[in-house]
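Order-wise, the sequence lines are chains A and B. So for the first sequence, the working numbering puts the first residue at 26; every next one is plus one. So for the second sequence, the working numbering puts the first residue at 684; every next one is plus one.
No wet-lab data here; the hints were simulated from the structure. Ideal Cβ positions, reconstructed from N, Cα and C, are used throughout, including at glycine. Just so you know, not all the hints are guaranteed correct.
Within a straight-line C-alpha distance of at most 27 Å, the following computed BS3-like cross-link-like pairs (lysine-lysine) qualify [what the hints assert, rightly or not]:
{"hint": "1", "chain 1": "B", "residue 1": "K1035", "chain 2": "B", "residue 2": "K928"}
{"hint": "2", "chain 1": "B", "residue 1": "K1199", "chain 2": "B", "residue 2": "K1264"}
{"hint": "3", "chain 1": "A", "residue 1": "K28", "chain 2": "B", "residue 2": "K1041"}
{"hint": "4", "chain 1": "B", "residue 1": "K1054", "chain 2": "A", "residue 2": "K28"}
{"hint": "5", "chain 1": "B", "residue 1": "K788", "chain 2": "B", "residue 2": "K1199"}
{"hint": "6", "chain 1": "B", "residue 1": "K911", "chain 2": "B", "residue 2": "K788"}
{"hint": "7", "chain 1": "A", "residue 1": "K28", "chain 2": "B", "residue 2": "K1035"}
{"hint": "8", "chain 1": "B", "residue 1": "K1054", "chain 2": "A", "residue 2": "K30"}
{"hint": "9", "chain 1": "B", "residue 1": "K877", "chain 2": "B", "residue 2": "K949"}
{"hint": "10", "chain 1": "A", "residue 1": "K146", "chain 2": "A", "residue 2": "K162"}
{"hint": "11", "chain 1": "B", "residue 1": "K1054", "chain 2": "B", "residue 2": "K928"}
{"hint": "12", "chain 1": "B", "residue 1": "K759", "chain 2": "B", "residue 2": "K940"}
{"hint": "13", "chain 1": "B", "residue 1": "K949", "chain 2": "B", "residue 2": "K759"}
{"hint": "14", "chain 1": "B", "residue 1": "K928", "chain 2": "B", "residue 2": "K897"}
{"hint": "15", "chain 1": "B", "residue 1": "K928", "chain 2": "A", "residue 2": "K190"}
Chain B stretches covered by chain A per the calculated footprint, using a threshold of three residues with CB under 8 Å from any CB of chain A [claimed, not checked]:
{"hint": "16", "stretch": "864-871"}
{"hint": "17", "stretch": "924-933"}
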Amino acid sequence: MSKEKRHIFSVLVENRFGVLARVAGLFSGRGFNIDSLNVAETHDESISQITLVTHGDAQIIEQIYQHLNRLIDVIEVTDLSTGTHVERELVLIKVATDDPQKRTEILQVAEVFRGRVIDMKPASLVLEITGDEGKLKAAIDIFSTYGVIELARTGKIAMMRGATK
Amino acid sequence: MPVIASQKCFSLKTGKELEWYHGKVILCPPSRLQSWNEKVFYFQQTYGTAECALGPFMREIGMELSGARILVDCLKREGVEYIFGVNGGAAMPIFDALYDETEVKLIPMRHEQGASHAADGYARVTGKVGVALATSGPGATNLVTGIATAYMDSIPMVAITGQVLTDFIGSDAFQECDVIGVTRPICKHSYLIKSCDEVADVVAEAFHIASTGKPGPVIIDIAKDAQKNETLFQYPETVDIRSYKPQVNGDPAQIAKAAALIKEAKCPMLYAGGGVVLANASEELRELTLKTQIPITVTLMGLGAFPETHPLAMQMPGMHGSCCANYAFTDADLIVAIGARFDDRVTGDLDKFAPNAKKIHIDIDASCIGKNVPVDVPIVGDAKNVLTELNKLVDTADIDPWRNQIQEWKQKYPFEYEQKANKVMPQYVIEQIYEHYSDAIVVADVGQHQMWAAQYFKFTEPRQWLNSGGLGTMGFSLPAAIGAQLGCPDKTVVNINGDGSYIMTIQELVPAITMKLPLKIFIINNMYLGMVRQWQELFHNKRYSAVDYHDNPDFALLAQAFGATGLRVEHPEDVEPALLKAKGINDGPVVIDFIVDEDENVFPMVPAGAGLGDVIRGLS
């Protein structure tokens, strides 16, 4: 077996109901993996952008690419991993702050990760942190030691560097 | 509102004067017209126009039509001849619109599965889009097997299903089912129509998608209120879907590479599949084969694309294919795959498949290339276009030793069987059918009889052989034969069926009798689910679980009860006379129940998981 690699697909689709189900169904039906999935309208409201992170060997990735392309509602598929690209993900972390001393410490740590406090209550605060996979993992690991009450992340979004699409 | 001539007209139904205009201007709102008949009558009286020309005209003068009526007019525009359907609550407006329709003929079937297979059979013989129609819920789910069958074999089909009222969708209403959800993995595309305004565009897109690129079934699920509500009708002149542009022309550089490989090869073979038939590329395939003189194997789905009677034909490959084709795969140094997909029933164990061969793969579907087998020269494109270009670049291959080897295998290992005393051998029946019906369209079902038919009937023309190769749907053949006969009214249609498969859709004998279709229904009856019994004998210690069909009714008598001619053949000497008798019966279907040897197995056989070289020849 050849090596499994992580790939990020940018998929432009018609902004219609049922399209996401077709994409997701393709992955479940053919046994492909979805590591993360993000869907939202683009600047053209008739088109949605799906950013999909998956992994597999070269043959699987080729099959994923071809099968995505085969869906009628898919306009364009780009494997961003084939070029230099930027990727970001946003995470919201609700951390327990029952101990006031701990709160100061948490705020300092948040500073390190350039996190923003977007809600604060006597016993908890919510942080917003943006970054790539490595940074978010490091942040989550460290906040876990303080007690994470709740965590939500967007899944990755990404695009190629430079003027081309 | 445009000015039109003044004239009195009367309703066909009530005889009352219709008063919608005074002077020269239409004053009456279109909703005052109660039925389609009244509208047609009005227009015929006023303008003498043909019904089908009315759509744009009605639009011009602001006349609205129901969604169901628009649907039927769209089908006419697409040249649809037949719709196979079963009526039901949520599809009633469509059936109503078809009631007095003459151009598009409604064929009422007895079960929705039959409707979908009949549409499929029609599509397979004509190359046109087959149309099936059913109501919501159970009607739609009954279509599913036929849709999946068409999907696996890439058959162009449009399946129309009624859906509950839009306000009821999602409320678990009576006979509601999420058809789009159910069919998502087994169709090329699907649409849910919630407004009559969408009908015309959706139908045009559906036919375009079903019939272009790699063909396949498209589902149109249409809510009942969208069928009933009225709107202006305009059929789109062209269809342009920005996200759907099939690649039909092969890359010239890749085609040149392929030609170079063909030139170098010492042991090349052609491997053609159903894609050649679908692309109507048989002529081009024949030219390639005859020009290069390279031996060819044609898959179960492609049979007839190249004449099996030709010396270069190695016959079908794979699990029950010819030893010659399978040995050729194992020893070849080049495989040219055309519209074939290296299916597991063809390749056997992939690790042992064609170990020495380079592979050229021509396919319209890029996702098929490299799916099972690594390919050296992939060519994405329509088989007809690609072969036309390839044929310009190739010449007679200098491969005499290889050709001689092929001929030796062919002579040494033909399909053969042992004639047991006083038994009707199934293979003998097929040989006799071929003897007397060699020009017929043959529609087989699924099982042992299907393999024997593929082995012993020598197909010479594309679209002469119909079977559910991909999904392997038992019950496919009788309804598909109905569709085939309607598609080719001048041809003899022979349905080779099994006792297990025949009884799965036996009810479709009724429409065949009603329409007086001269189907020749030949049942290879071994009183078992024979293919499963064969596997139980070989791989399950002869534990014959749930395969004994001795309790089936007498099919000859049953045919007579239906109103068809029914014959029963139990002795070898009666086979030929019965077939000859069937030839003379053309005022309806004739069913011959051939009681064959119960123990006969299909050979050669490559056991599941074995390599093609490890074929069990059966006789030795």
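Outcome of the hint check:
1. B:K1035 <-> B:K928: violated (37 Å)
2. B:K1199 <-> B:K1264: Distance of about 17 Å is within 27 Å: holds.
3. A:K28 <-> B:K1041: Between K28 of chain A and K1041 of chain B the Cα gap is close to 24 Å, so the pair holds against 27 Å.
4. B:K1054 <-> A:K28: Holds: K1054 of chain B and K28 of chain A sit about 17 Å apart, inside 27 Å.
5. B:K788 <-> B:K1199: holds (16 Å)
6. B:K911 <-> B:K788: Within the cut-off at roughly 21 Å; holds.
7. A:K28 <-> B:K1035: Distance ~23 Å between K28 of chain A and K1035 of chain B Cα, so the pair holds.
8. B:K1054 <-> A:K30: Roughly 18 Å separates the two Cα atoms, so the pair holds.
9. B:K877 <-> B:K949: Measuring from Cα to Cα gives roughly 60 Å; hence the hint is violated.
10. A:K146 <-> A:K162: It holds: about 25 Å lies between the C-alpha atoms, which stays within 27 Å.
11. B:K1054 <-> B:K928: holds (21 Å)
12. B:K759 <-> B:K940: violated (45 Å)
13. B:K949 <-> B:K759: It is violated: about 53 Å lies between the C-alpha atoms, which goes past 27 Å.
14. B:K928 <-> B:K897: holds (11 Å)
15. B:K928 <-> A:K190: With Cα atoms ~20 Å apart, K928 of chain B and K190 of chain A stay inside 27 Å; holds.
16. 864-871: holds (count 4)
17. 924-933: Result for this restraint: holds, n = 4.
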